[in-house]
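For reference, the chains in residue letters:
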Amino acid sequence: MQEFLQLVVSGISTGAIFASLALALVLIYNAMGLVNFAQGEMAMFATFIAYTLVNAGMSFWIAFPVTMVLAFGGGILIQRVVIRPVERAPVLTLVIITLGLATLVNGVAGFLWGYVPRSFASPFSPDSVDLGGVFISYRDLGVIAVSGLVLLAIYLLLQHTTVGLTLRAAAHHPEASRLLGVHVSWMLALGWGLASAVGAVSGMMVAPILLLEPNMMQTIIIYAFAAAVLGGIESPLGAVVGGLLVGVTVNLAGAYIPNAGDLQLAFGLGIIILVLILKPNGLFGRAATRRV
Amino acid sequence: MQRIRTAPPRYWLVLLVVIFFLGFPTVISSFLASEWAQALILAIAIMGLNILVGYSGQLSLGHGAFMAMGAYISAILAHRYKMDYLATVPIAAVVTGVVGFLFGIPSLRLSPLYLALATFALAVVTPSLIKRPADLTGGVQGILIVQPDPPQLASDVFGAVTGTAMTSDQWIYYITLACALILFWLAWNLARRRPGRAMRAIRDGEVAAAASGVNVAGFKTLAFGISAFYAGTAGSLFALSTGFISADTFPVSLSIQLLVGAVVGGLASIPGPLLGAIFAYFLPIGSNQWVPSQTWLPDQITSTVKNAGPAVSYGVILILIMMFAPNGMVGLIRSGYATLDRRLRGAPDPKTGQMPPDPQTV
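Here the protein sequences come in this chain order: A and B. Position one of the first sequence corresponds to residue 0 (numbering that gives the first Met the number 0), numbered consecutively onward. Position one of the second sequence corresponds to residue 0 (numbering that gives the first Met the number 0), numbered consecutively onward.
Because the hints were derived from the structure by calculation, they are not lab data. From a predicted model like this one, the values you see are computed outputs, not experimental measurements. Some hints here could point you the wrong way.
List time: in silico SDA-like cross-link candidates among lysine to any residue, alpha-carbon distance up to 25 Å [what the hints assert, rightly or not]:
#  : chain 1 : residue 1 : chain 2 : residue 2
1  : A       : Lys278    : B       : Lys81
2  : B       : Lys130    : A       : Leu209
3  : B       : Lys81     : B       : Gly138
4  : B       : Lys130    : A       : Thr92
5  : B       : Lys130    : A       : Arg138
6  : A       : Lys278    : B       : Gly138
7  : B       : Lys130    : A       : Leu251
8  : B       : Lys130    : A       : Pro257
9  : A       : Lys278    : B       : Pro111
10 : B       : Lys130    : B       : Tyr80
11 : B       : Lys130    : A       : Leu140
12 : B       : Lys130    : A       : Met57
13 : A       : Lys278    : B       : Val206
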């Protein structure tokens, strides 16, 4: 039982990382009906920036917000330069462009920092705390706390500020918002910026667990896809719940199914396929209606 | 005679290309022939992807997985059950095609976006799925494939032309060429006849296609099946040509490479996959050879550029082509040819009605 609880807590910790990246996917999906295949690579790039800052002598807790701001700017830049010219293109075109973006960002990171895996020091102490016989590491608690704070901040921003309101309005009813004087295109850029910043958090949280290298996020993005699909790809709350569920499931499956090491990633694929077949709208998504 | 004289110019172009590919290995080294065989194999797989993406409008980012399947079916049949490798190629193609067809049934319910997502996940998971039944697939150790010696007749003909004996690499090149010719011919016939028209109708408007009596579900799954059939053939030939396959032979970047080839060559065109394959195959090889030869680059940078160069250029090219030339190389050639033709004939621009400048007055 204790082992089970420990696994659940560390599952929640990895789940929080998946949730951040899944939320980034949902933000862009809501803004323009597109799954951003470059989200993971953008997060990886931001993590390399954080790594460089920390290596230059900056404390992690200063590098963290600085990286988020830089990632925010980078997201807006990408939207302005790459995505805006093709905003109205068919989904097929957009998906291929984000894939191109993923390949490009991956290559640029490899060019700048090389492909040798680097260790990224965790900002949290390696000790554990004993909660009634269940040992929980400070690292897991730290990841949960940081991700939770960021997700809460995004929730407050979206639901309780004017910016959040215009952002949601621009995403759901672009024409009506434009008539009311909302700069829809800039709101989409803002969506990209936010997604990029939230994604960066997942990168910085996962880098101490994995090793930092250009392909670091390739597996994480699959879990984030699974989380977003499970939660319903348009629901921010769904992304968070989906992320936690995927994290716990994968962690438990990895521990209790013998020799599951390699197959953990396949659980991500399995979740995606099962959800798409059984409940394509996910747990929190609205049923898709199509105008004919 | 009449028919030959009135044949449209593109038939002559096709004939020239075929003669070129037939004669090419007699003037290049055996090693280069094996590289070109791999480019042709890529062309077959890209043609499969092109039928799915270009003609039927369904996006798959996981065609590397179908290639892996074809490769492993052939390799296991030949290695474990001692079958003649060439006999396993059609088996691999058909089995992969059936699996693709079955895969197409659940994907009918998915939006293009979800389909892209699911197939991408499949491509990422493929290497670890291959590792699992390790006694069957050889896991990370992989499977060695014995490359066949050329038959006497082919060897004699080749020897008569070039004066040197035919190597197995050259023989594999010709096997690949034969498969590519048959499959491109099939695709060409498919594209211009009823199934091709039905698929394009579905791509351009599912509801309208259904209203016109097209069996939407049937043709969408059929496109998946045919596409997987091509990928399976390509995978099987790929294993034969490299002589060794393991879990890491089919990384997610292979699926990306296929997509790059399809997009760069030109979606929904028959020559597109060939051009795209040559581009996607030789770009990394070319940059690997060109970059180290640049002596002014410091050593450290050389190795980085070698590793990161293909990814950067693939990414930039994918984005630029989708933005500015969505019909790829074939589209560029066609529009360039049309402009040239119009200028030569002095015909007006079809869009604006503007006459070209008169060379006499300018």
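These are the hints, each one checked on the structure:
no., hint, result
1, Lys278/A / Lys81/B, "violated (45 Å)"
2, Lys130/B / Leu209/A, "holds (21 Å)"
3, Lys81/B / Gly138/B, "holds (19 Å)"
4, Lys130/B / Thr92/A, "violated (33 Å)"
5, Lys130/B / Arg138/A, "violated (32 Å)"
6, Lys278/A / Gly138/B, "violated (34 Å)"
7, Lys130/B / Leu251/A, "holds (21 Å)"
8, Lys130/B / Pro257/A, "holds (15 Å)"
9, Lys278/A / Pro111/B, "holds (16 Å)"
10, Lys130/B / Tyr80/B, "holds (20 Å)"
11, Lys130/B / Leu140/A, "violated (34 Å)"
12, Lys130/B / Met57/A, "violated (42 Å)"
13, Lys278/A / Val206/B, "holds (23 Å)"
Comparing the model with each earlier hint shows violations of hints 1, 4, 5, 6, 11, 12; every other hint is respected.
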